[in-house]
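Okay, here's what each chain looks like letter by letter:
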Amino acid sequence: NAGVTQTPKFRVLKTGQSMTLLCAQDMNHEYMYWYRQDPGMGLRLIHYSVGEGTTAKGEVPDGYNVSRLKKQNFLLGLESAAPSQTSVYFCASSYSTDSGGARETQYFGPGTRLLVL
Amino acid sequence: QKEVEQDPGPLSVPEGAIVSLNCTYSNSAFQYFMWYRQYSRKGPELLMYTYSSGNKEDGRFTAQVDKSSKYISLFIRDSQPSDSATYLCAMSGNTGNQFYFGTGTSLTVIP
Numbered sequence: 001n002a003g004v005t006q007t008p009k010f011r012v013l014k015t016g017q018s019m020t021l022l023c024a025q026d027m028n029h030e031y032m033y034w035y036r037q038d039p040g041m042g043l044r045l046i047h048y049s050v051g052e053g054t055t056a057k058g059e060v061p062d063g064y065n066v067s068r069l070k071k072q073n074f075l076l077g078l079e080s081a082a083p084s085q086t087s088v089y090f091c092a093s094s095y096s097t098d099s100g101g102a103r104e105t106q107y108f109g110p111g112t113r114l115l116v117l
Numbered sequence: 001q002k003e004v005e006q007d008p009g010p011l012s013v014p015e016g017a018i019v020s021l022n023c024t025y026s027n028s029a030f031q032y033f034m035w036y037r038q039y040s041r042k043g044p045e046l047l048m049y050t051y052s053s054g055n056k057e058d059g060r061f062t063a064q065v066d067k068s069s070k071y072i073s074l075f076i077r078d079s080q081p082s083d084s085a086t087y088l089c090a091m092s093g094n095t096g097n098q099f100y101f102g103t104g105t106s107l108t109v110i111p
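The listed protein sequences derive, respectively, from chains G and D.
Sequential numbering of the first sequence, starting at 1, is according to the working numbering.
Sequential numbering of the second sequence, starting at 1, is according to the working numbering.
Because the hints were derived from the structure by calculation, they are not lab data.
Glycine included, C-beta positions come from ideal geometry on N, C-alpha and C.
One should not assume that every hint holds.
Straight line, CA to CA, 25 Å or less: simulated SDA-like cross-link-like pairs of lysine to any residue [said to hold, decoys possible]:
(1) G:K14 to G:L78
(2) D:K2 to G:K9
(3) G:K57 to G:S84
(4) D:K2 to D:P81
(5) G:K71 to D:K67
(6) D:K70 to D:K42
(7) G:K57 to D:S26
(8) D:K42 to G:T5
(9) G:K9 to D:S106
(10) D:K42 to G:E30
(11) D:K56 to G:T105
(12) G:K57 to D:K2
(13) D:K2 to G:P61
(14) G:K71 to G:P110
(15) D:K42 to G:P61
(16) G:K57 to D:E5
(17) G:K14 to D:R41
(18) D:K67 to G:M41
(19) D:K2 to D:P111
Anything over 12 Å on all C-beta distances counts as not near chain D; from chain G, calculated [stated by the list, open to error]:
(20) Q6
(21) Q37
(22) M41
(23) L45
(24) V50
(25) G53
(26) R113
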């Protein structure tokens with residue numbers, strides 16, 4: 001049981017390049033999230049998904065796209081990277097409650113460090 | 001105004017001290033209150049969660065929620081060097097799909 005895994009662990013991009021971050025979970029969770037963590041800003045939600053085939057915008061969605069084609073995977077794409085997207089990216093997942101909301105426990109991956117030059 | 005405010009510290013205490021970490025929030029709809037611990041270069045992991053107001057104890061850790069003041073606290077008794085980490089508070093509404101995090105407080109426990 002690997003929990004939540006993220007690929008890659010570290011990446012350097014040049015401005016304008018594109019890339020995709022992969023998140024995978026083996027806990028059969030309905031909810032998946034992408035956050036970015038910056039000094040002094042804490043964790044900020046980029047996009048999230050409440051189930052396979054669904055996505056929704058979070059607090060800071062601009063410049064990012066996501067897809068959830070399979071329940072266990074959640075992809076985060078940067079179409080044209082900018083230096084402002086230099087950050088540590090965390091993926092998380094959680095169960096859903098009987099009423100449809102997200103469980104209070106989120107399981108986080110180890111993070112992807114992205115540097116955009 | 002940010003949804004959740006947390007003093008970033010850093011906080012440095014001697015081993016065995018009682019540590020108090022706090023967050024304030026502005027959204028009265030928040031019902032779930034969580035504390036996460038994050039070691040350097042790792043993902044956050046859930047320490048404790050509390051539903052609505054009240055206290056919850058788990059070993060050396062106690063979480064308190066005062067909804068009337070929109071204020072939550074985490075107390076660590078008999079702090080250990082292994083408690084050195086960043087502590088993040090997080091909150092969500094009753095049927096919410098989103099979690100709102102504080103900026104985190106960096107704690108160092110000195111042996």
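Against the structure, the hints come out as follows:
1. G:K14 to G:L78: holds, 12 Å
2. D:K2 to G:K9: It is violated: about 30 Å lies between the C-alpha atoms, which goes past 25 Å.
3. G:K57 to G:S84: holds, 19 Å
4. D:K2 to D:P81: violated, 31 Å
5. G:K71 to D:K67: With Cα atoms ~36 Å apart, G:K71 and D:K67 exceed 25 Å; violated.
6. D:K70 to D:K42: Violated - the C-alpha atoms of D:K42 and D:K70 are around 29 Å apart, more than 25 Å.
7. G:K57 to D:S26: Distance ~21 Å between G:K57 and D:S26 Cα, so the pair holds.
8. D:K42 to G:T5: holds, 12 Å
9. G:K9 to D:S106: holds, 23 Å
10. D:K42 to G:E30: With a Cα-Cα distance of about 23 Å, the restraint between D:K42 and G:E30 holds, given a limit of 25 Å.
11. D:K56 to G:T105: It holds: about 16 Å lies between the C-alpha atoms, which stays within 25 Å.
12. G:K57 to D:K2: holds, 18 Å
13. D:K2 to G:P61: holds, 17 Å
14. G:K71 to G:P110: At roughly 19 Å apart (the allowed maximum being 25 Å), G:P110 and G:K71 satisfy the hint.
15. D:K42 to G:P61: holds, 23 Å
16. G:K57 to D:E5: holds, 22 Å
17. G:K14 to D:R41: holds, 23 Å
18. D:K67 to G:M41: holds, 24 Å
19. D:K2 to D:P111: violated, 35 Å
20. Q6: Given a closest Cβ separation of 8 Å, the condition is violated.
21. Q37: violated, 9 Å
22. M41: G:M41 not clear of chain D: closest Cβ-Cβ about 6 Å, inside 12 Å.
23. L45: It is violated; G:L45 is separated from chain D by about 6 Å at its closest Cβ, not greater than 12 Å.
24. V50: Given a closest Cβ separation of 6 Å, the condition is violated.
25. G53: holds, 15 Å
26. R113: G:R113 is in fact no farther than 12 Å from some Cβ atom of chain D, at 8 Å.
Against the hints set out earlier in the document, violations occur for numbers 2, 4, 5, 6, 19, 20, 21, 22, 23, 24, 26.
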